[in-house]
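> Residues per chain, in single letters:
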Amino acid sequence: MSRVSIRSARAAAAALAAGALVLTGCSSGGGGDDDSKDSKAKKQGQDVSYTFADAAASKGPAPEVKGARKGGTVKILQRDSFAHLDPGQIYVSDEGALSTLMHRRLTNYKKVGDNKYEVVGDLATDSGQKSNDGKTWTYKLKSGVKFEDGSEITSKDIRHTIERKFAPFMTEGPTFIEEWLTGKGPADARKELPDGPYEGKHLPKSMIETPDDQTIIFHFKQPQAEVPYALAMAGYGVVSEKKDTKQKYDKKPLSSGPYKVASFKSGKSMKLVRNPEWDQNTDPQRNQYPDAFDIQFGVSFEDSTKRLMSDAGENQYATSFTNQVDASSMQKVRTDADVKKRSVSGYQSYVSYLNINNDRIKNKKVRQAIAYAMPSQSIVSAFGGSGGAELAGNYISPTLVGKENTDPFGKLKKPQGDVEKAKELLEESGKKGMKLTFAYQNAPEWQNFSVAAADNLKKAGFNVQRKDIIADTYYDQIGKVKNNYDIYHNSWGADWPSASTVVPNLFEGRQIQDGSANYSHHNNPEMDKEMTRIRAITDPDKAAEEWQKLADKILKEDVPALPMHYYKAIQLHGSKVGGVYFDETLHDIQPTSLFVKK
Amino acid sequence: MTTVTKEAHVPAPRGEGDAGAFLSVRDLYVHFDTEDGTVKAVDGLSFDLERGQTLGIVGESGSGKSVTNLSILGLHNPRTTEVSGEILLDGQELTGAREKTLESLRGNKMAMIFQDPLTALSPYYTVGRQIGEPYRKHRGASKRETRERTIEMLDKVGIPNAKQRVDDYPHQFSGGMRQRAMIAMALICDPDLLIADEPTTALDVTVQAQILDLLKDLQQEFGSAIVFITHDLGVIANVADDILVMYGGRAVERGSVREVLRAPQHPYTWGLLSSMPRLGGDVNEALSPIHGTPPSLLSPPPGCAFHPRCGFVDEVAGGLSCSADRPVLPAGRGAACHLTAEQQSTFFIEQIKPRLG
Amino acid sequence: MLRFLIRRSLGAVVILLIISAVTFFLFYAVPRDPAMLACGKNCTPDSLAVIRKNMGIDEPIPVQYWHFMVGIVAGRTFAQGDCPAPCFGYSFANQDPVWETILDRFPTTVSLTLGGAAVFLFIGLGAGMIAAWKKGTIIDKAFSSFSLVLSSMQIYFIGPLVLALVVYNMELLDQPKYVPLTQDPGGWFMGLLIPWCVVQIIFTANYTRLSRSSLIEQLQEDHVRTARAKGMSSRYVFFRYAWRGSLIPIVTIFGVDLGSLFGGAMITEWTFSLPGLGTLAVKSVQNTDLPMVMGVMLFAATFIILFNIIVDAAYAFIDPRVRLS
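Line by line, the protein sequences give chains H, W and C.
Going by UniProt numbering, the residue at position 306 of the first sequence is 306; the numbering climbs one at a time, nothing skipped.
Going by UniProt numbering, the residue at position 23 of the second sequence is 23; the numbering climbs one at a time, nothing skipped.
Going by UniProt numbering, the residue at position 178 of the third sequence is 178; the numbering climbs one at a time, nothing skipped.
Calculated from the structure, these hints are not laboratory results.
Be aware that a few hints might be false.
Listed next, with one range per pair, are the computed distances between beta-carbon atoms [to be verified]:
1) P84(C) to G67(H): 48 to 56 Å
2) G234(W) to D222(C): 19 to 27 Å
3) D241(W) to D222(C): 39 to 47 Å
4) R8(C) to E35(W): 44 to 52 Å
5) V149(C) to D232(W): 50 to 58 Å
6) A142(C) to D468(H): 24 to 32 Å
7) I57(C) to K332(H): 23 to 31 Å
8) P63(H) to A74(C): 24 to 32 Å
9) V149(C) to E35(W): 37 to 45 Å
We treat Cβ as the ideally placed atom computed from N, Cα and C, and that holds for glycine.
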């Protein structure tokens, strides 16, 4: 996501279409300071650790935040209004942040130390018990977990939460659980329960069982290792079976978390107040310090940055869920001590890629030449330098478990591109002077990049044709399998801290279709076979290691796309707001620990 | 020009009834500063006017006749206009008088009727309101008194149905009615001096005659002195007692109506008479307009301002040059011309009069 | 008057029809698919079809347009529920009913627009009057040069500057915000003070110059001279005769400026993050939110047309010639 307000909204919308925005997932970096000295350490993939926690770790209440007190109102400045409040329709990060305050799920992320996270039971007593080689996952609900109307949350509500996602009007949330239960792709999966649970039908017991009100059992068609990650997504937040109002639920959902909606004026404001039915003793992760959250929408990144930097008047009590420091102010935020101490930062899960259309450019040497020629530094600069972006060596984001700092094309050593090498390779390929159509989104950062990139490519001996595409339709255009472009960029982020939602989406041959994320049209049966193999590994850490290896192998041997940069973000808060930290699973400020200082 | 400046400053002799003249203008100079230089709109003008008398001022546009009268009322722009000389109204000095003093005289003791009754009335207020305003101001009358007086005045100037028409807006009046309204406005405070600036020019002939009659009647009733400005000698013949002919900011001929019309002395006056159609004249006979254009007031011709257009320049004898020496207008009846009285009379009778038919 | 109103209303309907058609078809002139944007990360052809049907964009574009226009007059039924006339449908982006959203945002824009207009008319006409009254003096020249400087300013430049100075550095005023007038008049006034002062800058200079030149012109009118010849005081003449006439061109230009005033309000809303129709319009365009774009466009156009009719009626108030002919 770019940080240039007007364009970025469009870019975000477009990126959403292509699926670049994700909600869960996690990150390893972060911390307030990201100057070059310690950023190296933070890049170490080994540092990220996620543990699937047991019952003891899943017990409430959440640890007290140091210095926290109850009371007060936190003002939240948000650029975009929340399009969805129904958890089943939530995918993007803005609403994801809200959902941490409102919607509980079976599992949840909990920070237990620097770069150390646990996946704990949220409504469930633990992160899940697997059996039958990972095909069956069993969850027991805690007692005393309630909706805001005071009704107890039961396993029937959990089943309902899953089943309603089969209904036709549910279009925007994740579909992992549904696909795993049915063993089918997202479109075919819906046919198992075409009306959802609304016509009195349920999924067969061979998929979901609720033997009693506390127990829910998932039967997947294939072994699944990452169920606790998937269930921690905001899209699987619990919905009351009795109070479900179908489409209308999107405007008036029932809260299960520490805050509920007091008023919501779409595009203008939202007020969240305490939910008295929420019991902190059942919740291992959330606190409930402020009396209320006062959310204002329509505040651009520039505006929120200026307000929070000024720390004047009511802005002292303000922060944001997802608004970031805009690129033009990044330098000041990083150098002005007073502002810097009110900033937090970290990695986002997105990575930008330069895709090479494998259907059009079949010569590997040409692809290598393009990869060597790319000046990755120029896109890092366009995103505000080291505060907003970091050079990428390989496909895997630093937010993912098992991340290694491999760099097959020497991008970290030669961030301006290796034109000599590119020239050499192009000559070897015998395609010197070949025409190369370069499509890019007409947002300023990509325009700047395209100039630098075209310059390098020309020097290397390509006949470059730059093709500017308006932001809203960019992803539609490059998403067509039969497009007329040779190289084009995109961004993609993982759904959870494993590359299993990155490598197959980007590079699996069977994914190729209009609008899919396999923009390079990479299709190598050998690699596909590897993906199938790794998916079956039930040890998440082991799988993570294998994904990294496979990603590097694809990059080195097939060169379908070049990774360019990892996205980062800096956020600010007013001086009267406490408990602020950058949560690498949300890749934003964590709302549940905020409090108002005296 | 150089040779005449001195002469121009010779004070013009006063007419008979020296002390008693109701309006006395002496040596009036009105100069405007413009970006191109100084415009000498009025350049040393003197005349007198008695109560109950009408003075007709005749001249082409740009001859200074309107400017003269605006400066009597003090309606020139003080920032850009320089006025010198004296204007005595009933013994009161008006040049250099305070704005407040002038305000109290305007519309009260002296009033003006303007040329174009459409633009001279504000479109935004009712006729009645505009007529009544000076009455309220100068007489301190109440709203009701003012309204009654206004209706009375409208009646007097011959607006039918005055009670209703008083609430009409100017655009609802015909041209003649508007001019009547203007007259009512000017007369509402019984002014001693009435300046009528081409009051009938914009009107058709029948209405013209009515308005002129009206003015005459009203003068008899109120006893006002009237300055009647026009370029039309035919109109003057009807209303005026005396005539002042102006050219290039100066008076070139003066006399009673009879004198000036029967025996005009100045070639310019001859020209004016010749360019006027006569009732009963031969329609096939062409009028003879004065050839040439009015003089530039920025740099008027030296000597006699009329000499570039005058057909008798060569007749001047006695070492005088029309292009160098400026002729002086004598007191009383006379013309500012270098031709001798005999020449004037001969040329008029022999060359001009036959053409007038 | 009635005939005038009927004629103008018919004209307005024609204009609105043209605007609606142009907006609608322009929207689709760029190849884009709102359903694609509303479809999640794991979008499938089936869910796309469902979204298209829900949005009512599964039909040919002219048919969609027809349904849309009929909906405005007669109401429609959507998956979200019944939508009584005037129905502009539901937002593609967040399913909000368009009409209610517009009504909710409208007071902000109206407050900003009319308040800003009040400020620039007051300052502009006042300064123009003083300059005309003191024509040629130092004051006149100072006003002229100052208005020249002002007219070269831009909202997006001056807005953040004022904000930084008044709110962030000196902390004289709070962050601009919209508080409903009915709820807290004081808060409404204080919250909009800065936006008003900012939105006026692009207009005040023009109105100062216009008012000055128009007054100077009026002062040379015959009827003004007549009034002076009647002995009315200069002050009286200036205000009663010259000023009234000088309003005519100002009213004319004000009618023309309404559109740009709305435009200025949009930029101002954006600058100060105020939740008005301007920010709504920008967001809707960004979000490829056709019903909202159409709704805002038509609403704003209606409002501008309506206001122009009021402005024309104001002529009649000022100038009796218009009233009676």
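> Taking the hints in turn, state whether each one holds.
Results for each hint:
1. Between P84(C) and G67(H) the Cβ separation comes to about 53 Å, which falls inside the hinted range of 48 to 56 Å.
2. Distance hint check: the CB atoms of G234(W) and D222(C) are about 25 Å apart, consistent with the given range 19 to 27 Å.
3. For the pair D241(W) and D222(C), the beta carbons lie near 29 Å from each other, so the given range of 39 to 47 Å is not met.
4. Checked against the hint of 44 to 52 Å, the pair R8(C) and E35(W) passes, with Cβ atoms roughly 46 Å apart.
5. Checked against the hint of 50 to 58 Å, the C-beta distance between V149(C) and D232(W) comes to roughly 54 Å, which is consistent with it.
6. Range check, A142(C) to D468(H): Cβ separation about 48 Å, and the 24 to 32 Å hint is violated.
7. Separation of I57(C) from K332(H) is about 44 Å and departs from the stated range, judged on CB atoms against 23 to 31 Å.
8. A hinted range of 24 to 32 Å is violated for the C-beta pair P63(H) and A74(C), which are about 59 Å apart.
9. Between V149(C) and E35(W) the C-beta distance comes to about 26 Å, which lies outside the given range of 37 to 45 Å.
Hint compliance for this structure: hints 3, 6, 7, 8, 9 are not met, and every other hint is.
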